[in-house]
Amino acid sequence: MRSTDPTGVAPLVELRHVAKSYGPVEVLHDVNLALRPGTVTGLCGENGAGKSTIIRLMAGAEQPTAGEVILAGAPLPAHTGAVIDAGLSVIYQELTDIPDLSLMENVLLGNLRSRAGWKNRRANLARARSGLQQVGLGHLDPQTPIRQLSLAERQLAEIARCLVREARVLVLDEPSSSLPEQEVETLLKVVGRLREEGMAVVYVSHHLDELFTVCDRLVVLRDGRLVGDAPTTEWNEESLVNAMLAKDLEHAYPWRPREIGEPIFTADEVTGPGVRGATMNIRRGEILGLVGLAGAGRTELLKSLAGVTRRTGGQVRLDGQDLGRTIKAARHQGLVYVPEDRKREGLVLEASIADNLCLGDYGSVARLGVLRSGAREKHAAIVTRRYAVKHASVRQPVARLSGGNQQRIVIARAVEAAPKVALVDDPTRGVDVGAKSGIHQQLLALAEGGAGVVITSSDTDEVLAMSDRIYVMAGQRIVAEFDRENFDREHILHLAAGGQHNQGQDA
Amino acid sequence: MTYTHASEVEAPTALPSRFLRRALGSPLLPITLALVLVCGVMTALSASFLTATNLTNIVVQSAVVGIAAVGATFVIVTGGIDLSVGSNIALSGLLGAMVAQDHGGLAGIVTTLVVALIVGLFNGVSITWLKLTPFIVTLAAMGIARGLTLQQSQGQTVYDLPAVFIWLGSAKVGGINVVLILTVVMFVSGHLILKRTTFGHRVYAAGGNAEASRLAGINVDRTVLACYVIAGLCAGLAALVLVGRLGSAAPNAATGTELQVIAAVVIGGTSLFGGKGSVVGTFIGVLLIGVINNGLTLLNVSPFWVQTVQGTLIFLAVLLDSFNNRRMQKQLTAKRSVGA
Amino acid sequence: MTYTHASEVEAPTALPSRFLRRALGSPLLPITLALVLVCGVMTALSASFLTATNLTNIVVQSAVVGIAAVGATFVIVTGGIDLSVGSNIALSGLLGAMVAQDHGGLAGIVTTLVVALIVGLFNGVSITWLKLTPFIVTLAAMGIARGLTLQQSQGQTVYDLPAVFIWLGSAKVGGINVVLILTVVMFVSGHLILKRTTFGHRVYAAGGNAEASRLAGINVDRTVLACYVIAGLCAGLAALVLVGRLGSAAPNAATGTELQVIAAVVIGGTSLFGGKGSVVGTFIGVLLIGVINNGLTLLNVSPFWVQTVQGTLIFLAVLLDSFNNRRMQKQLTAKRSVGA
Amino acid sequence: GIDRSGGTADEVVIGYSGYTLSNPFFVGLEKGLKDQTDEEGYKLITTNANGDPGQQANDVQNLVTQGADYILICPQDGQSLEPVIKAAAEKGVKVMSLADSIPSPDLTTSITASQLEVGRAGAAEVVKFLQDRYGEVKGNVVELQGIAGSPAANYRHQAFSEITDKHPGIKVVASQDAGFDTDKAYSVMTDILQANPKIDAVFAANDAEAHGALKAIESAGRLTEVGEPGHIYVGGNDTPPVTMADIRANLQDVSVSQNPVTMAKGAVEYIADLENGGDVKKEIVWPIQVITPSNYDSAEVKKYGIWADEID
Ligand SMILES: Nc1ncnc2c1ncn2[C@@H]1O[C@H](COP(=O)(O)OP(=O)(O)OP(=O)(O)O)[C@@H](O)[C@H]1O
Ligand SMILES: Nc1ncnc2c1ncn2[C@@H]1O[C@H](COP(=O)(O)OP(=O)(O)OP(=O)(O)O)[C@@H](O)[C@H]1O
Ligand SMILES: [Mg+2]
Ligand SMILES: [Mg+2]
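Residue numbers (our numbering), protein chains in the order written: chain Y, 1 to 507; chain E, 508 to 847; chain W, 848 to 1187; chain D, 1188 to 1499.
For the record, the hints were derived by calculation from the structure and aren't laboratory data.
Be aware that a few hints might be false.
Below, simulated DSS-like cross-link-like pairs (lysine-lysine); rule was C-alpha separation at most 30 Å, straight line [stated by the list, open to error]: (1) Y:K328 with W:K1042; (2) E:K702 with W:K978; (3) D:K1385 with D:K1358; (4) W:K1042 with Y:K343; (5) D:K1468 with D:K1281; (6) Y:K343 with E:K783; (7) E:K679 with D:K1281; (8) E:K783 with W:K1123; (9) D:K1385 with D:K1218; (10) D:K1371 with D:K1325; (11) D:K1278 with E:K679; (12) W:K1019 with Y:K328; (13) W:K1019 with E:K638; (14) D:K1278 with D:K1315; (15) Y:K343 with E:K638; (16) D:K1281 with D:K1221; (17) D:K1221 with D:K1452; (18) E:K679 with D:K1273; (19) E:K638 with W:K1123; (20) E:K783 with E:K702; (21) D:K1273 with D:K1469; (22) W:K978 with W:K1019; (23) D:K1385 with D:K1315; (24) D:K1281 with D:K1230; (25) D:K1281 with D:K1469; (26) D:K1371 with W:K1019; (27) E:K702 with Y:K119; (28) W:K1019 with Y:K343; (29) Y:K328 with W:K978; (30) W:K978 with Y:K378; (31) D:K1278 with D:K1490; (32) Y:K343 with Y:K328; (33) E:K783 with W:K978; (34) W:K1019 with D:K1385; (35) W:K1019 with Y:K378; (36) D:K1468 with D:K1218; (37) W:K978 with Y:K343; (38) W:K1019 with W:K1123; (39) Y:K119 with E:K783.
Please build the complete structure, drawing on both the sequences and the hints.
Pasting the structure below:
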């Protein structure tokens, strides 16, 4: 049920002829946008289209180079704090939590209740709990240090932070990119409820189904220009994709049958932090999927296999040889690991694109330990073109790329290393619909070249669509295995959930 | 969820055990144990160590570094540093002493505190408004303040000071040194401000991730500025203690104190990268340094060996700290996985 | 695509202009301007300043700090710090001198370098294997090394050293001081290692994001360890220069040098948080400090004012740096948007 | 002795608080103390404040805790030790200053060479040198001061100011802080030589500085032996081994020596007198000796003692 478009109501937020430049590049051109109470506006566009930039302008985190932003009839205050006080709250694309603080202090960041400056512990705990409950984290102790939580949990905590602020306008920049299915449902329910309460919501996502489920209106951005703005009912997937990419999307998941060889990688009863037991193998030329619910331990398993965390037991062999205990050794034997948290584990944010692309693997850019002059830039120019990374210069810090383009850098570095085995955690997080298939193509090409590829994703359908075989994880164990011909979504999800339930019983 | 959550365990009846568990789980436990260990060794080796007078002496002797370190904890939690603290102590103490001679002790005390505050303000403003690096700003302030001290004193020690001015550093109230009381008050209030107020929350947030804090609406600049002002004020109080205790203000006073102050804070577990740390930790760090210095004199360690032994003891203490912390972490991890 | 790719702009024919553009766009431009400005003022005020001898003097006087600062740049780029450099210079210089007296200059030189390397190794191993904080480890090393120096020398200066041992610090080759040549060689090779080798790349990566670097297959621990060893070796070379030019090794040599070294590196734009910086910047930082010290002596500024003036000049230089950097950024933005 | 905690009841405990170890003069003091306390059978406890007056106050306090009967202090800044000396005296500890004076009424005695007199002796040699060279007191003189703000530096600067006030012919071409440090003196002197083509004499606040100045003169190519025409006079004080070597090599003109070894021995002998019921004067001024290349072999100097040779 969607309320009718309340065009008659005065807008809460208005962008008038807004433009924004970073150095040489104008990334937003003459954007006009109005947000009305009780409406969810979906903002879509390919990576680097300018979505996050619009959002930073609305938050007061950056100032437009032209035009103005109006909040509730008045010009937007120049400071983020004042904007928040005026009732506009933002969830940024990248996590903005503070790892050393507790969950509670993060949820109530800059927003603690106090009496004459003294924290009101009871009230704050209650507020944090209620915020956490709304996003389905009610079971967590608010005093836990937030660094102990998984990426998904931290993303939810970020949402809880906005909910406790009693905002009138809520802006969510790809809130679902690292969330598993059930959590996305919870999130969409919360957004629906907030709309009923009369809030104006902006929702950014690369998942079209979410946009069609929750949004009243869809606004499309292409190369910094508004190219479409209409009620959701007037859009369909095809027209939306066409507006975003200015072309049709051929086919979403480019899976092809392939010659699959003998096992190249075997793990026998592996245990480690967050892994209670995994026996598995990967074959040459195979794409292997790991399916599980949030916290099932997929990330932890991949980390254990790669030697990122110390394995406490079991045996891992690659190409017939014992795999080294450190990531460095594993890397040397031809294994790459792609982390899910690109900002913290994948990139040196202040370093340039070129530097990030050759990080730790100088084969093509150095001879005898000496970097070849210009080789880094040349290599980067080739790779960024191959992966269609939208950038101004290969010398610019990778921090200045849009989220989806940063993700492409992380993937590109791994794939270009031509590994024997690639462990890829959530490869398309934050990547637009157009580029997703590009990344899938790269992974497929890697497998076709004889490598074994393991993928996980917060989007189970992606894993099912791309894999030749899957393992189901539950309760930090591998509980089942399916070949592609036996993929049964309902059954698999049932096992993933059931596994966890069984595990809970035997504890 | 497969983890044991504290919220389930923390029944209100389990209060004392909860306190115990928290103390045992504290990251400060190992360094505290190291302190206790050092004290134990000193007690065994020297009969003079574990006496009321000597323990009071240790605190009184550590008071200047300690009080300054309370302020430095704030600064370091923001991810900053204050190299000017020693010079600030010298300058504010000297100017206060000069004013005290001419206009009385009270005017002197006010002068000392105002001067110290101005130095803190200079640091804070340069760092937040002018966006200069804390290290260089406070290094420059260190040179400027020491230079002004020399220039104002013309290299001469100022002595013969009014009783009011030296009261803080030399008086006793009911048999207890005022310095002792002041030190305790400073540490307790520093701890409460950092842990129990929203200002303290902002300090940790600003140090943990300035950008995220700014996006969450925290006025990071104002928070950081306040921390440098607090550090300045603490240096002023430390100056009053030092001048009071020595009965004179020397132009070379507190040379090198900045390093001792930062060392105490860092040994106490505060990270130079900001966002982490506590005044309680600083207290333990200050005591550890104080006990080692005091103990080595009591044991009549040859002055030629003192620095080597000091360095080694500090190294061993933090080594113990790190081993214990890692063991504890492992145990905790193991327990979680099993207990689930 | 609406973006100007650097690769499109950089036609191979535009080489000289490309160099110019890069130099003009360098973040080091403003601090270099500050240096030039200070030099200009000194030239105007003192006729002796802009002479070949004096300029040589400046580099020679700055050589100890400079050579040590090359190593410190590596350490600081990893996000670490080395407080032990001054003590390391004293200890390695002293032990080398003692051995040189008994077993000849060559044995002395080897001793100095080996001792300095061992101190660096101690720091590096404690930081990477034992996971201790650089600040505390090197603080402890600073105390231990200074203590050993005192203890070994029994407070005495060692003098009357073989010619070979003091060659590096005192000889001239073809009328040019060997110190000058060594300093230049150290800076150039430090620069090349950091910017042109894969090792240098790993150093920046480790300092920029240790976790991401580790996951990308970089042995972060080994990289960091190597940086501390390099810093140790540089301290050893600095010791040879110091002992050589004084013809003697004093137990209190190089006291406080660590602060000057770190200051030079930080003034040169290297971030104490790691991941950013350059040896070229350090060179400019060293020169800036050297020129200021030299100029103040030439101008015979009163000792009571020297520190104030030094502090003020450093403050003004970095202030100019920060203003210019911000203005430049803005101009660049404006110009490029117009040109785009 | 009074037994407060450590030590046996009849053992005499002597505490010594020094303020630095990295200068041979203080090593000489410690040597004298150690030799003589061994001789008398006393227990000696030594501390080193590393140049920090606050730490020195702590040290004195800690020496009291350890049951010292006598405390000998070589002060960094005498003024700042008054309160702790008072507290020590109140507990019955006899406190004496060694090598430098402390303005405290609670001192039992002070055994010092007047630092002002040391400075004056050196300054008088500069005057004599200029008089010899030009027939009148005139010329270009460099003053290398000690650590700015330290009492010893102040006294020497005061002595130097006295002669420049008295002899307007003396032109002070440079007056800089060389921090009692050889390398700093080297750098500062290098610059001064650069700025001043004509220099007659260097008045250094101690011999560590004098040695650095000599090295700077050497590397500027302006080093000549004492007595040669155009020689730059260098004078300092303390006479540690390095300086003794420079004097013997005929490179340094003058060093004003205070013999720390005999001074320290003397101090312990006074304590022995006190223990034996004797009485000592409130103030004992230890003699000083000017040592030059022409007199170091003389009977006078031999009688006074070249302490550098004793500790080497
Ligand atoms: N600080 C900056 N400096 C320079 N360019 C920037 C900066 N921030 C963003 N950009 C550029 O602005 C463009 C728009 O980025 P933005 O983050 O708004 O994209 P987005 O639509 O959110 O993309 P994504 O879906 O990948 O998150 C990108 O090309 C990006 O490289
Ligand atoms: N070192 C560790 N020791 C114990 N538990 C950990 C550790 N690291 C993470 N965890 C916890 O393990 C759980 C599993 O997280 P993990 O990231 O492996 O799940 P996942 O299956 O990848 O799910 P998703 O990434 O989709 O959230 C999380 O709840 C996390 O808090
Ligand atoms: Mg974005
Ligand atoms: Mg995961």
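Hints versus structure:
no.: 1; hint: Y:K328 with W:K1042; in the structure: holds (23 Å)
no.: 2; hint: E:K702 with W:K978; in the structure: holds (27 Å)
no.: 3; hint: D:K1385 with D:K1358; in the structure: holds (11 Å)
no.: 4; hint: W:K1042 with Y:K343; in the structure: holds (24 Å)
no.: 5; hint: D:K1468 with D:K1281; in the structure: holds (14 Å)
no.: 6; hint: Y:K343 with E:K783; in the structure: holds (21 Å)
no.: 7; hint: E:K679 with D:K1281; in the structure: holds (24 Å)
no.: 8; hint: E:K783 with W:K1123; in the structure: holds (23 Å)
no.: 9; hint: D:K1385 with D:K1218; in the structure: violated (42 Å)
no.: 10; hint: D:K1371 with D:K1325; in the structure: holds (27 Å)
no.: 11; hint: D:K1278 with E:K679; in the structure: holds (17 Å)
no.: 12; hint: W:K1019 with Y:K328; in the structure: violated (47 Å)
no.: 13; hint: W:K1019 with E:K638; in the structure: violated (44 Å)
no.: 14; hint: D:K1278 with D:K1315; in the structure: violated (50 Å)
no.: 15; hint: Y:K343 with E:K638; in the structure: holds (25 Å)
no.: 16; hint: D:K1281 with D:K1221; in the structure: holds (19 Å)
no.: 17; hint: D:K1221 with D:K1452; in the structure: holds (8 Å)
no.: 18; hint: E:K679 with D:K1273; in the structure: holds (15 Å)
no.: 19; hint: E:K638 with W:K1123; in the structure: holds (17 Å)
no.: 20; hint: E:K783 with E:K702; in the structure: holds (12 Å)
no.: 21; hint: D:K1273 with D:K1469; in the structure: holds (16 Å)
no.: 22; hint: W:K978 with W:K1019; in the structure: violated (44 Å)
no.: 23; hint: D:K1385 with D:K1315; in the structure: holds (19 Å)
no.: 24; hint: D:K1281 with D:K1230; in the structure: holds (15 Å)
no.: 25; hint: D:K1281 with D:K1469; in the structure: holds (12 Å)
no.: 26; hint: D:K1371 with W:K1019; in the structure: holds (22 Å)
no.: 27; hint: E:K702 with Y:K119; in the structure: holds (9 Å)
no.: 28; hint: W:K1019 with Y:K343; in the structure: violated (53 Å)
no.: 29; hint: Y:K328 with W:K978; in the structure: holds (19 Å)
no.: 30; hint: W:K978 with Y:K378; in the structure: violated (38 Å)
no.: 31; hint: D:K1278 with D:K1490; in the structure: violated (40 Å)
no.: 32; hint: Y:K343 with Y:K328; in the structure: holds (20 Å)
no.: 33; hint: E:K783 with W:K978; in the structure: holds (17 Å)
no.: 34; hint: W:K1019 with D:K1385; in the structure: holds (24 Å)
no.: 35; hint: W:K1019 with Y:K378; in the structure: violated (45 Å)
no.: 36; hint: D:K1468 with D:K1218; in the structure: holds (24 Å)
no.: 37; hint: W:K978 with Y:K343; in the structure: holds (24 Å)
no.: 38; hint: W:K1019 with W:K1123; in the structure: violated (36 Å)
no.: 39; hint: Y:K119 with E:K783; in the structure: holds (19 Å)
The structure is inconsistent with the numbered hints 9, 12, 13, 14, 22, 28, 30, 31, 35, 38, although it conforms to all the rest.
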